Amino acid sequence: MMMTSAQAAKLLRQLNDELNTLQLRENNTKSFVAALQEDIESVRPAYNFTEMRDAQAEVEKKIRKVKHAINLFNTVTPVPNFDMTIDEMLVFLPQLSRKCEILSEMKDAMPKVRVNTGSSGGGTIIDYRYANYDIDEVGRAYQEASDMLAKAQTSLDLVNNTVEFEIDI
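Those letters in the sequence shown? Residues 505 to 673, by our numbering.
In short, the hints are calculated from the structure, not lab data.
Model, not experiment: these values are computed from the prediction.
We put the CB at the ideal spot given by N, CA and C, even for glycine.
Check the hints yourself; a few may be wrong.
[As the list claims (entries may be wrong)] In silico lysine-lysine, DSSO-like type, Cα no more than 30 angstroms apart, as pairs:
1. Lys603 x Lys569
2. Lys534 x Lys565
3. Lys569 x Lys616
4. Lys603 x Lys565
5. Lys655 x Lys611
6. Lys566 x Lys514
7. Lys655 x Lys603
8. Lys571 x Lys655
9. Lys611 x Lys514
10. Lys611 x Lys569
11. Lys616 x Lys603
12. Lys569 x Lys534
[Said to hold, decoys possible] FRET-style restraints, in silico, Cβ to Cβ:
13. Thr666 x Glu605: 27 to 33 angstroms
14. Val580 x Asp638: 40 to 46 angstroms
15. Asp638 x Thr525: 56 to 62 angstroms
16. Lys603 x Thr533: 21 to 27 angstroms
17. Asn585 x Ser608: 20 to 26 angstroms
18. Ala635 x Asn524: 47 to 53 angstroms
19. Met614 x Glu648: 21 to 27 angstroms
20. Ile606 x Arg517: 31 to 37 angstroms
With the sequences and hints as input, model every part of the structure.
And the structure:
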């Protein structure tokens with residue numbers, strides 16, 4: 505079956521939901537409580553160990569196949585406008601996001617800030633923290649990184665929503 509990465513991710517969520525439902529049903533029906541005076545067969549929930557194992561194994565097999573196909577796709581599919589594959593991009597995006605967080609904090613800093621060290625004991629010494637970098641330069645670096653992050657996310661989204669690959673389930 506041909507599908508995009510976005511479609512495969514949705515299928516994977518559905519399969520995981522299906523597996524969770526089967527596991528919950530098993531948990532709720534594999535044993536039961538009955539009072540001594542009750543007819544046990546009238547309160548016994550329907551449960552077949554072999555059928556439940558087989559049903560879960562079938563869904564787990566589909567999950568493995570979908571994940572494997574996604575992983576293969578990610579390792580060989582290039583992201584347009586970037587010299588990397590999807591799996592590299594999936595590492596690059598968090599790195600770039602972290603860089604943007606750091607640069608954002610740095611660009612918002614004041615060149616000189618009064619700090620309370622707590623050790624002056626009411627004395628007249630005032631300490632200042634100074635930015636040891638050019639705040640405008642950091643602002644430009646932040647804007648560049650932020651623009652690259654947006655471009656990378658958009659390029660990855662384009663691939664994930666348009667390029668199809670085969671999943672054998």
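Structure versus earlier hints - violations, ascending order: 1, 3, 4, 9, 10 and 16
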